[in-house]
Amino acid sequence: MLQLALMAFLASFICYFVQWTFGQPMIDQPICVGMVAGLIFGDVTTGIIIGAAMEAIFIGNVNVGGATSAEPVTGTVMAICFVTQMGMAQGAAITLATAVAIFANIIYSLIFNVLMSFWSPLIDWAAHTGETKNVFIVHFGGALVMNAAMAIPTFLGVYFGAEPVANLVNVIPAAVTNGFNAAAGLLPAVGMALLVRMLWNSKIAIYFLLGFICVSYLGLPMVGVAALAAVIVVVEAFNQLDLLDVKKKLQALRAGGGAVQAETQDQIEEEDFFA
Amino acid sequence: MSAENENVTQQGADTTEDAASEKISVSTKDLSHEDRKMLKGIFLHSFNIFAMYGGGAKAGASGFLWALAPAFERFYPDKERRTDAMVRHSSWYNITSNVGTFCMGLVAAMERENSQHPDFDTQSIDAIKASLMGPMSGIGDAIFWGVLRVIAAAVGMALCAQTGTILGPLVFLIIYNVPSILCRWCLTVLGYRVGSNFITKLEEGGLMDLITKLAGVLGLIMIGAMTASFVKFNCAITIPAGSGDPVKVQTYLDTIFKGLVPILYTLGCVKLLKKNVNVTWLIVGTMVIGLALGFLGIC
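Sequence order for the protein chains is A and B.
Take the first sequence: its position 270, counting from 1, is numbered 270 in the UniProt record's numbering, and each next residue is one higher.
Take the second sequence: its position 262, counting from 1, is numbered 262 in the UniProt record's numbering, and each next residue is one higher.
Chain B on its own, in the form it takes in the complex (with noise of 0.2 Å):
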């Protein structure tokens, strides 16, 4: 494998490895004592991106202004040009919290570009910006809130479900938020630092499909688990057996398949959501089948 990596990179000696040590470098060492200040500035700013949601036309608009003023302050002093970058910044904004700090930093990139050179297209900023919100949503969904999240609040909830120890939120936060504001930062950094057709690149290479796959890897194994752990399901009928003890259904169930019940309930609401069954239904329906087992004596 190696042997063949260097000869690629041989082959385009210069190009590939300007791109190559470009792309993964989130260090700020190189970078100019006011780059990393504004760097910091749109990093704890970004926290805030949508303190205020805005309504549904501006929605995280005011929040985006908010975490790029650094970048506005700096690049234009003209209160002029920065009331003009402002204003064109005002619209609707919305790319996962943590992950959104990438278009930050390429936004900030490319005002120094527009800053500096006056015949700069600025509708290329706004494109940018739009194009970006779906890819990085898309994966920044699915690895935060489908698989971190997911993962923080299986081992939070596995510890604290039964004893209600103060460990289990406090486990669930940590395992969140280190990587959480570790990727926030480095994304910063690195959308600061490539060009704009990083994206493109990933996508073009096909890494962009085999990082959601991984994470849906990971992902669907945890909430198997989960399913195990915290979907619920106990007959209470008994079938009396001549002379012995009266057997329970449950052990029955539990010799087919451990969790049979769980785990069939389970992948039918998989079923019914594929077929867009609303949440809200289904969310009703097991309410009223979880009573009406009660009732009849079933769980």
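Bound conformation, chain A alone (with noise of 0.2 Å):
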């Protein structure tokens, strides 16, 4: 069980240190959290198809200034232990890593914010010092320490999880896991939801249809999709760009009057010839 639990701490470790200190290049987000796990526990393809099923749920999640709503990193790190370790079914361990993840969250706040505050006064010593080789060593030693903290809870998770979760693997009735399943699948819908929001403007929002369109009734694969949209957006940049243009003209021309008005007037005209 130490074993277990040493790799998931391991697997932790790397999506958390990687992600924070070589720049965001969202190792962190499951999808990429399940190839890690994956190869540390021998068992690749099952490990990317539960990260991309976590990815699903907390795609909405939005990692900023370390306030966020869940922390899938862990949750996800156990599914895949307790799935290729234990063969527990899928949708029961997406279920159960959804939980972990929020209740994760609450604990990698207090690591961000409480915990780390006790590091901040030897940030102030390295700038008083007025060597920067003082700030990388605190800078990179923090990152140790701090990863190192967001990792333990995946460690304790499997360390004093796996047992029970084996135990009651057999158990299930098939009630609970249809209940577990029917789970899974709607829970990506909060995700997407946090993400409309993010991005939601009543003006285009007509746009979310038209991509659920594409794929339910037009069965387009993602990549077209993406380049449906690309179209859309360079013809909508060339309409807006035009109809600043022409805010702009209409705004000098209120403000200017008498002597600008004979210059925009000419620029009108020719606008009109142009249109």
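No wet-lab data here; the hints were simulated from the structure.
Backbone N, C-alpha and C fix where the C-beta goes; we use that ideal spot for every residue, glycine too.
The hints are all genuine.
Pairs of lysine-lysine, BS3-like flavour, derived with a Cα cap of 27 Å:
hint, chain 1, residue 1, chain 2, residue 2
1, B, 213, A, 247
2, A, 203, A, 249
3, A, 203, B, 274
4, B, 213, A, 203
5, B, 40, A, 133
Here are a few chain B residues that sit away from chain A, every Cβ distance over 10 Å (derived from the structure):
hint, residue
6, 27
7, 122
8, 134
9, 256
Using the hints, put the two standalone chains together into the complex.
Right, dumping it as structure tokens:
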């Protein structure tokens, strides 16, 4: 059990450390966590399938300055450990992982905002010495401490959770498994809703429906949808730029009067001509 | 269109042309060797910006100090002045990682001014830094977290959700990181080259709003497509139909609108989020609903 827990710790630590230390390459997104944990637990395919399912749920989970609603890495690693090592059903693992993600988030905001506050006097010290190499030591030393602290819950979850989970797996009735699968199917809706809210603007909201129809009725693959979206954005961009131009001229016309009027009059005639 | 643009540029030939040429240039060819070396340093160090978060009060401070270390070393060989600059910058900093380099380049340019002119107002550096955080993060989060990451994830997930191929995560990483790293470099140079009034100009011209809006269009289409792909609901109830086979309720639902329940459920969640319902409750609620549907044999 200790070995499994250490492997899980390693998977979490790699994801966190690379994400935060090397410019947020998004390796802590569940789809990549699935790859990393899959490689460590020796079943990349299952890892990635679970990772992709978790990605759909947590895609709306935007990590800005440590203020998140859920922290999916711990849950994803645990789910992959339980499925690949203990034969847990995927639907149940995903639902469990989602619950873990919410709980883990509380621990993470504590680490980010409270635990690491004890490190901030060191930042001041480094600044006051005026030596950039002291900044280096404080910064990267803190990175090791912070990311190791963030991976500890994964270790504990596997260390203490694996045995009860292994016992439970065999006695789950079909109705519960169905329920877990239904929950796993609906959970991505919350993730999508978070994204929609972020970009919502009633004037462009209808494009959400367009994307939906492209897949549900037209069956377009994602790359096809992205290409179509790119065309629409370019068309829209030209229209909007024209509109912006016209708006500016109108403003100039209203504000200027007299002398400016003569100049802008020319331009408006030209505008008419080119339109 | 083009004729009229020429018209405009001719009117303010001297001023606008200078500004325009500065605005678009992200090349380092005409910069000095020292400049290039420093910008490369800032670019590389900027990857480590959030390696350590530093708690609520000093979030991002050590990262910013580390990112600007090449500039401090270069402009303040005198230790006393360097210490002064570093202490000034050991404060809260938070801009979306891959667009924050604009702020770093800009601060480097201002520190250069400060090192050359003793009467330079150092408060203006802090002011610029603070005033950039809001708009830069807003646009950076919308484009990188809201759109690029979503497109990358959509393509990646579509590849591997069923098959589990390693191509999925790899494609995801490539689609996200190539533009991200390019943007990081270009904005480092841009920030160093242009004046601090660049963002103001963008905002006044209404371009900032336009970019946000177009990013929104792209994002919403992709999110709609993903909703159709990844939100799953399948009603298991069947209705006995006299002599023939029982009819699945799901077939009726599909006739009304294909994917009716997923889209309604998602839009319902949006509505609740807008009413400031906590996300955690939505997730817990969805779990409970899913489990209940399974227990009752509806799904």
